[in-house]
Structure formats: structure tokens, C-alpha cells
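**Q** Listed here are the chains, written in short residue letters.
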Amino acid sequence: MNVTLLDYGAGNVVSVQRALRRLDVESERATTPAQIAAASVLVLPGVGHYAALIRALDEQSLRTPLLDKINSGTPFLGICLGLQALFESSEEARDLPGLQLIPGSVTMLPASGKLPHMGWNTITPRCESRLLEGISQNDYFYFAHSYAVAMSAGGNADDVVATCHHAAEFIAILEHDNIFGVQFHPEKSGASGARLLANFLRLAA
Amino acid sequence: MSLAHRIIPCLDTDGSRVVKGVNFVGLRDAGDPATLAARYNSEGADELIVLDIAAARDRRPTFLETIQKVAAELAIPLSAGGGIRSLEDARSVIRAGADKVTVNTAAVERPALLSELSAEFGAQAVVLAIDAKFMEDHWDVMVRGGRDSAAMDAVSWARTGVARGAGEILVTSVDRDGTQRGFDIPLTVAITAAVNVPVIASGGAKLPEHFAEVFQQGRADAALAASIFHDGVQSIRGLKEFLRAQKVEVRYPC
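So the protein sequences, as listed, match chains C and Z.
The numbering of the first sequence is the numbering used here, which starts it at 1 and goes up by one.
The numbering of the second sequence is the numbering used here, which starts it at 1001 and goes up by one.
Read the hints as simulated data drawn from the structure, not as lab findings.
Idealized CB from N, CA, C, for every residue including glycine.
Some hints could be false.
Here are the simulated distance ranges between beta carbons [unchecked claim]: (1) S1115(Z) with N156(C): 31 to 39 angstroms; (2) G113(C) with S1149(Z): 33 to 41 angstroms; (3) A1151(Z) with G134(C): 51 to 59 angstroms; (4) T1179(Z) with P103(C): 54 to 62 angstroms; (5) T1179(Z) with T32(C): 50 to 58 angstroms; (6) A167(C) with L1027(Z): 42 to 50 angstroms.
Given the sequences, and given the hints that come with them, work out the whole structure.
**A** Below, the structure is given as C-alpha cells:
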């Protein structure tokens, strides 16, 4: 299997590449529409500011090929910002539309908790999850973000397979047909993160 | 459940080798950074920090290579710092595989550096390291490896740093560093009360009780230590078992 990592200039592409290599899976970085069109499995490893990701998608003309690819059933995994980009919009940059594949919007976590929400947290499964096979409620994942999709924001709750709580309950894992998204960083989440990535790769195969 | 308290081993390097010494005097070799990183990754460390304490300009490429080798061993987050003075310096460190950059003296000299880094990489990637020394009625910010006073109040500097864009504070007690007498609890309390970002406490750790104290009384989000882990005086797994028994939430099993 060959995984295509959408490389819009964020820092963690190499980390994801290394995490995949530890699972004996090779990946290549895509920076052009043609490379995205040729992908059989897509991962969008976002980190940093929402605006940087959305602007890069539009400036490099990657939005349309990415949407075509996802709409045609190609397995897709969005990590952190890569999950947030699936929604309609984000409070972090209100004028920049998201990919609008999933209803709902990204908001800032309440300041009653420390921000960024940074460190290892557990997640609460809501239903059977293909990504969570072999992972228990006691397993921790590494989060590093200030924005998230709050459960109270509505959207299609059926797509939410796990939530996390930090001052508010928000989406930790989303599954919608061929679309998968995680708010945490599986590439930085030790053995539990590796298991989740392996589950995604098995589903994508 | 909530966020786990993080245990963070710190690798002080001269660019290529892990070194240790008190107050930068009489540095001794303490091992290969990548070898230690692999060990801590598998023993349950929650994050790793690698610092270039020499931060000599001409040895920069060596340190970037060290970051690459360390990052290759890790499935946990990595912070790197030492001598980061510009956006360009930070970019090279992040490209080498670090998830966060740690800045200290350069931010004191030019606080706008924090805003620049935060705008480019996000606040979650910017760690402001503060070396603090007690002076009669407050803590002074120390710079250049803890040698010189910046004549600034550490608590208000932490607040300013966060307002400028730092997403995390690493506070080291210069008074406790190297003493193995435990973390500076009043300093840690003062910093955690002043800011709404995660705080990493550093300086003085030896016993598992010191960690329980800094989490429960100091309200630190993470605690850092170096030589006790390098020397095998304290295993990370053993430390986490102790903390769990003390009802401190940690990532365990790991």
C-alpha cells in the first residue's frame, strides 16, 4: 500500500511519515493536484493555524482535486487540523470556508480549561468504531489544540464515534463512510496511536 | 478522566552528545541522544525535550542532525531549543522533526519573537522557558544559561509571554536546579496561578515524592528532569506507578 500525505507545508508531515514507516507502510508527500488525483489513500496531517491550511489548499489549487477524491470514495484520514478542515467553517478564520464535507463548525474551547488543550487525554467511545478496534477506554492519545468541534454545535452526531472532554465535550474521532478524522495526533500517541493508524490502514486496504 | 500529568526527560546536549554538569561547569558526557530517546520512548516518557546548551552558531548543523536522530526514535512529542533567535532558526528545528520550539534568552531580548513563532506554527508549538531565581520578595528572570539577571519579574514575564503567543511555560528554578532537593513549589504555584497555559516545572527533582508534590501542591501540568533518568536513579515506569498510587493521573500503562 502507498499512502499519500497532503503536504501543505505544516511541520508534522515527517512525523506521520515516520509513524507509517514503523508500520511498514511507505508514504509519499503530495503538493500538486495531479499527485492528489493519483492517490489511493489520503492523509491530511494538519498542525498550526486553520487559515494556513485552508489558504494553502486554495493557493495550491488542491481543494477541488481533494474533494473529488474524497467524494469518489478514496479512504481519507484527517489529523487535528485535518479533521477540522472537513467542517463548514472555523472561528479561527471565519472568512475561510472549510471543505464542507461534514456539517458543523469549529470553535474555540472554553477558557475555563487551560488552552491549548495540550497533553495526553483519554477518549469516550459513543458507538462501535472501526478505528478503535483493540483500543481501550484507558488508552491515552496526545492532543495539542485550542479549537475543536463541540458536541453542542450539533452536526450529525451519528458520525461521532468518540469524544474527549476538556472544559467542554468535543469530537475526538469522526467516521463517515470513507472519511475519518481524529482531533489528536496518532503519530505522537505512542502504541495506542500506532494501533489506530494500523486500523485505518487495514480499512483503507 | 482528564489530562494526564506529563513526565518529561530533558536531554541537555553540547550539540551532539548529552552532557550534564551543575551550572554549566564541569560538563560530563552522559550518552548518545538517540539512544536515550529510544529508551525513554519505550519506558513511557510522555514527551522529550532536547536542548543545545552550547548553542554555538558554527555547531548548528550538528544540533539539527541530533534533532533528526532523536525524532526518528520517538512516537511521542519532541520540543527542541537552545539558541533559537529567529523564525528561520525555529523553522529549521521544526523541519528537523521537533513539534515545539523552546525559547529563552532570545525572547527576553525581543519578546516579538514569541508572536512571530506563534503566528507561524501555532501557540501549541511555542514553549517559553523561564529560568527563575528568588530575590528577597520575588523571582528574577535569569538569562544566558541562568548566569545573568534580566531584572524582570518572572511571574509577570510569564504573563507577558503568554499574551505574546507562548502556548506553554517551562519554568526552571535556578535555586533548586542540580540540588536534588525537590521542585520549587512556591515558584511553580506562582506561575501556574498567573497563566492559563500548561506549565512544566523543572529543577531539583530526585525522589518520586518530589513529582507528586509538584503536581498536587504546585499544580504543574508536567514535570521535567534529566540526570535522575539518565543515570537510572529513577525509572519512568516506576515513577508513574508511584504517582498512580498517590492518585495523580498519569498515562499508565504506557
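**Q** Hint by hint, say whether it matches the structure.
**A** Hint check results:
Look at S1115(Z) against N156(C): about 38 angstroms separates their beta carbons, and that is inside 31 to 39 angstroms. Hint check: G113(C) to S1149(Z), Cβ distance near 34 angstroms, so the stated range 33 to 41 angstroms holds. Taken as a hint, the range 51 to 59 angstroms holds for the pair A1151(Z) and G134(C), whose Cβ atoms sit roughly 56 angstroms apart. Roughly 56 angstroms separates the CB atoms of T1179(Z) and P103(C), a value that falls within the hinted 54 to 62 angstroms.
The given range of 50 to 58 angstroms is respected by T1179(Z) and T32(C), whose C-beta atoms sit roughly 56 angstroms from each other. For the hinted restraint 42 to 50 angstroms between A167(C) and L1027(Z), the CB-CB distance of approximately 43 angstroms keeps it satisfied.
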